[in-house]
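Protein chains: 2
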Amino acid sequence: MTKNIYKGRIVNLNLETVTLPNGATVELEVIHHPGAAAVVPLKDERTVILIRQYRHAAGGYLYEIPAGKLHPGEDPRECAQRELEEEIGYKAGRLDHVTSAYTTPGFTDEVIHIYKATQLQHGQQCLGHDEVLALAEFPLERTIAMIREGVIKDAKTIVGLQCVYLQVLVENIGEEG
Amino acid sequence: MTKNIYKGRIVNLNLETVTLPNGATVELEVIHHPGAAAVVPLKDERTVILIRQYRHAAGGYLYEIPAGKLHPGEDPRECAQRELEEEIGYKAGRLDHVTSAYTTPGFTDEVIHIYKATQLQHGQQCLGHDEVLALAEFPLERTIAMIREGVIKDAKTIVGLQCVYLQVLVENIGEEG
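Chains as they are written, first to last, in the numbering used here: chain A, 4 to 180; chain B, 4 to 180.
A portion of the hints provided could be inaccurate.
It does not matter which identical chain is meant; a pair holds if it fits inside one copy or across any two.
When the alpha-carbon atoms are kept at most 30 Å apart in a straight line, the in silico BS3-like pairs for lysine-lysine are as follows [claimed, not checked]:
hint, residue 1, residue 2
1, Lys6, Lys156
2, Lys72, Lys94
3, Lys72, Lys46
4, Lys94, Lys46
I should point out that these hints are in silico values taken from the structure, not numbers from a laboratory.
Bound conformation, chain A alone (with noise of 0.2 Å):
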């Protein structure tokens, strides 16, 4: 049985009562999300464009990839190259796939799908009247110790960067081998 509270332009709030693999029936707040793309934007082999954006939610400033949602019927590949023209006006001439993970799987469906992005060429920025951001270079390796000094503290631009981090490093550790 599913009752819903509420339907907002991000969020989608239902009560569900839902029976548990265990047998255990339980009335389940869930969050519908159209699920998400990001993009980590490679300038060259070693440089990644950052954005600095303000986060109500979050107090304040944070350090993010380009990342968006879904339009309705949108392919999460399509979304990324929006994402990543609108936020920070480059295309990418090639979008590879790293993962694809559930923000918060105990109370939202959200799946946010992240790729690498290279050969990056120049487009056109577009923000929204709500997207307050900078730019921001960083060398690959020096955003992996950001992450350890607690200065990107955002949960998808962790993930995306330190996948990309460890490919390369297996990539290298592959040409040396």
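Starting from the known structure of chain A, fit chain B onto it as the hints suggest.
Showing chain B alone in chain A's frame:
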């Protein structure tokens, strides 16, 4: 201006009218969350204990690290110890903070505090009636491959495992140098 839409067991949903740093006034949907703690439990230097947990919102089972939301006024470190024992039946002799991350700052203030647990001693597993999970042990290095292969797809779990793995790599480089 804040309008409360719903106050539930986990989710507390507000509609908040906010003036952004660019001067725009917008109405935002914000899920207020008490925060959470999660633990990467290392049975020995290279062996991780994961849980395979049924998640209604994800439509099936996910590999995860033990985690749970903070009780009112609870220290994240205590929450981490509590969830570790309740979910997998171990106490940590040592608990090191790994990172703290916003799970999805576009619509919630949820922060998850992630710890590394070592020197594990047997305690008392105590699952809630709504927790359906089994334990699974893996070499730490194998979990990094499972992330790459899309088998591990929970964001906090990816963050925790990769942070701990990168720590181990840095320590080993330090020892070799």
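(message) For lysine 72 and lysine 94, with the copy left unspecified, which applies at a CA distance of at most 30 Å: within, between, both, or neither?
(response) Within one copy only: 18 Å inside, 39 Å across.
(message) I want to check one pair: lysine 94 and lysine 46. Are their C-alpha atoms no more than 30 Å apart within a copy, between two copies, both, or neither?
(response) within (11 Å within a copy, 45 Å between copies)
(message) At most 30 Å between alpha carbons: which applies to lysine 72 and lysine 46, within, between, both or neither?
(response) within (23 Å within a copy, 38 Å between copies)
(request) At 30 Å max between alpha carbons, let me know whether lysine 6 reaches lysine 156 within a copy, between copies, both or neither. (result) between (34 Å within a copy, 28 Å between copies)
The earlier numbered hints are all upheld by this structure, with none contradicted.
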